[in-house]
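Respectively, the protein sequence lines represent chains A and B. According to our numbering, the first sequence holds residues 140 to 333 in order. According to our numbering, the second sequence holds residues 140 to 333 in order.
Read the hints as simulated data drawn from the structure, not as lab findings. Treat the hints with care, since some could be wrong.
Mimicking DMTMM-like on lysine to aspartate or glutamate, the simulated pairs with C-alpha atoms at most 20 Å apart in a straight line are [claimed, not checked]:
#  : chain 1 : residue 1 : chain 2 : residue 2
1  : A       : K286      : B       : E320
2  : B       : K149      : B       : E197
3  : B       : K324      : A       : E192
4  : B       : K310      : A       : D328
5  : B       : K222      : B       : D175
6  : B       : K324      : A       : E211
7  : A       : K222      : B       : D328
8  : B       : K312      : A       : D328
9  : A       : K310      : B       : D288
10 : A       : K163      : B       : E225
11 : A       : K286      : B       : D288
A few chain A residues that don't get close to chain B, going by computed Cβ distances all over 12 Å [what the hints assert, rightly or not]:
#  : residue
12 : K266
13 : T292
14 : G311
Sample of chain A residues with no beta-carbon within 12 Å of chain B, all distances over it, derived [stated by the list, open to error]:
#  : residue
15 : G164
16 : E197
17 : D248
18 : Y251
19 : N321
All values reported here derive from a predicted model rather than from experimental measurement. A virtual CB, placed ideally from N, CA and C, is assigned to each residue, including glycine.
2 protein chains.
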Amino acid sequence: MSKDKTIKRKDQITLIAQNKFREKGYRAVSMRELADHVGIEAASFYNHFNSKESILKEICFRMADEFFNSLEKVTHDEKLPDKILEKAIQSHIKVITSNTDASAVFFLDWRYLSEPVLSEFLELRRKYENIFRKIIKEGMDKGIFEKLDETFTVLTIFSSLNWVYEWYDPKGKFTPDQIAENLSKLILDGMRKQ
Amino acid sequence: MSKDKTIKRKDQITLIAQNKFREKGYRAVSMRELADHVGIEAASFYNHFNSKESILKEICFRMADEFFNSLEKVTHDEKLPDKILEKAIQSHIKVITSNTDASAVFFLDWRYLSEPVLSEFLELRRKYENIFRKIIKEGMDKGIFEKLDETFTVLTIFSSLNWVYEWYDPKGKFTPDQIAENLSKLILDGMRKQ
DNA sequence: TATTTTCGCTAACAACTGTTAGTAAACAAT
DNA sequence: ATTGTTTACTAACAGTTGTTAGCGAAAATA
């Protein structure tokens, strides 16, 4: 059994699906349209996926994995809350900018997941956000950040970060690191006690 | 001809459509489902709208109007760029928080508009963003804001502001004005020269 | 080489999609 | 009272949706 080839076709489908879902939105892309782009018939998908939704699930949970894995490597390196936050932002931006299509699906089309997968997804997202919340709380407790509402601050940070997939251009004037640096500056200077 | 009643039914449809589109996404709501909630048959919509898309169009362009009208009243009152920006943010947040359903449709479902309406919509959005861009540029030129990339700054501001519809709760601990105040503080302190 | 598994195809399904035609009741205007 | 208009209905359309069944060729395993 050539596991390689199976994985390759499955990955190819995921890649094309990401691209099409991003372009038109999950609900607006039919299996037949997807099939055309892959170069197979719609029915052949079911040798690789159980359903259309399971493609969406794959994309969303892969991204969740990427976010977690990338963040994990970072949070143990630094000690100071503002430095940790800076690194965490950098990690987050790196994941988004190296998967813009998947990011768009992750941020927009997760809502088309049905239960119980939907709850699973939201739980993951909550956990991830909580890591940031903890960093911020620590910064406030240690007097490095100004005492603002945590939830509010986390929401605002994520909204700035998560919008990057929309406008990031690999050929544009900002590298992912520069974007992270600018966002960190904008956000951290707004939070820091002065 | 009782124009009143016509307008009322049309408004009722728009209101329910906003709510359902927000809940499930435009493409996931069928005319029959919408009809059930209004209490009519799907075919009866066509006495009030030409198409499903024209309901979406109505919602999106109404919101655009609200944003423009609200902003216009503000920008002539103040003179200093940071004060103008503060007022503009307040105006923007006020529009979002008093139309959360419509905002969700405005920010998420506009992409399902088809040409030429889509281009019309994007042009409006561009115009609106440009007003903010001008304010920021003036602030930078006058040395009130730090010299950062304008486009980048505008994108970041809007991403924080436009996410508010997602989490704003009329019964929550923040009033729209408090949200605007906090966002202004976070953003402006990040931008201001120190 | 023989056998099993993988992966593609065609054909078809039942349900659902937005929308139109035709019609009748309710309503407003004359 | 008689128009004309608005608004709802039923029935149906043509097309699309995700998905399954059944089949054959190719590929991997033995």
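Outcome of the hint check:
1. In summary, the hint linking K286(A) to E320(B) is supported, as the alpha carbons are separated by about 15 Å, within the 20 Å threshold.
2. Between K149(B) and E197(B) the alpha-carbon distance is near 10 Å, which keeps this suggested pair within the 20 Å criterion.
3. Between the alpha carbons of K324(B) and E192(A) the distance comes to roughly 42 Å, so the proposed pair goes past 20 Å and is violated.
4. The hinted pair formed by K310(B) and D328(A) fails the criterion: a straight-line CA distance of about 30 Å is larger than 20 Å.
5. For the given pair, K222(B) sits about 48 Å from D175(B) by alpha-carbon distance, which is inconsistent with the 20 Å threshold.
6. At roughly 31 Å between alpha-carbon atoms, K324(B) and E211(A) are farther apart than 20 Å, so this suggested pair is violated.
7. For the hint pairing K222(A) with D328(B), the CA-to-CA distance comes to about 19 Å; that is within 20 Å, so the pair holds.
8. With a C-alpha separation of about 25 Å, the suggested pair K312(B) and D328(A) falls outside the 20 Å cut-off, and the hint is violated.
9. Distance restraint check for K310(A) and D288(B): the Cα-Cα separation of roughly 16 Å lies within the 20 Å cut-off, and the hinted pair is therefore satisfied.
10. Between K163(A) and E225(B) the alpha-carbon distance is near 35 Å, which puts this suggested pair outside the 20 Å criterion.
11. Of the supplied pair hints, the one linking K286(A) and D288(B) is violated, its CA atoms being roughly 28 Å apart against a limit of 20 Å.
12. The Cβ of K266(A) lies farther than 12 Å from every Cβ of chain B, with a closest approach of about 18 Å, so its non-interface assignment holds.
13. The Cβ of T292(A) does not lie farther than 12 Å from every Cβ of chain B; its closest approach is about 7 Å, which violates its non-interface assignment.
14. At roughly 10 Å, the least C-beta separation between G311(A) and chain B is not larger than 12 Å, which violates its mark as non-interface.
15. Some Cβ of chain B comes within 12 Å of the Cβ of G164(A); the nearest lies about 6 Å off, and the non-interface call is violated.
16. Non-interface status of E197(A) relative to chain B is upheld: no Cβ of that chain comes within 12 Å, the nearest being about 20 Å off.
17. The non-interface label for D248(A) is inconsistent with chain B: the shortest C-beta to C-beta separation is roughly 9 Å, within 12 Å.
18. At the 12 Å boundary, the C-beta of Y251(A) falls inside the reach of chain B, the nearest C-beta of that chain being 7 Å off.
19. A Cβ of chain B approaches the Cβ of N321(A) within 12 Å, the least distance being about 6 Å, so the stated non-interface status is violated.
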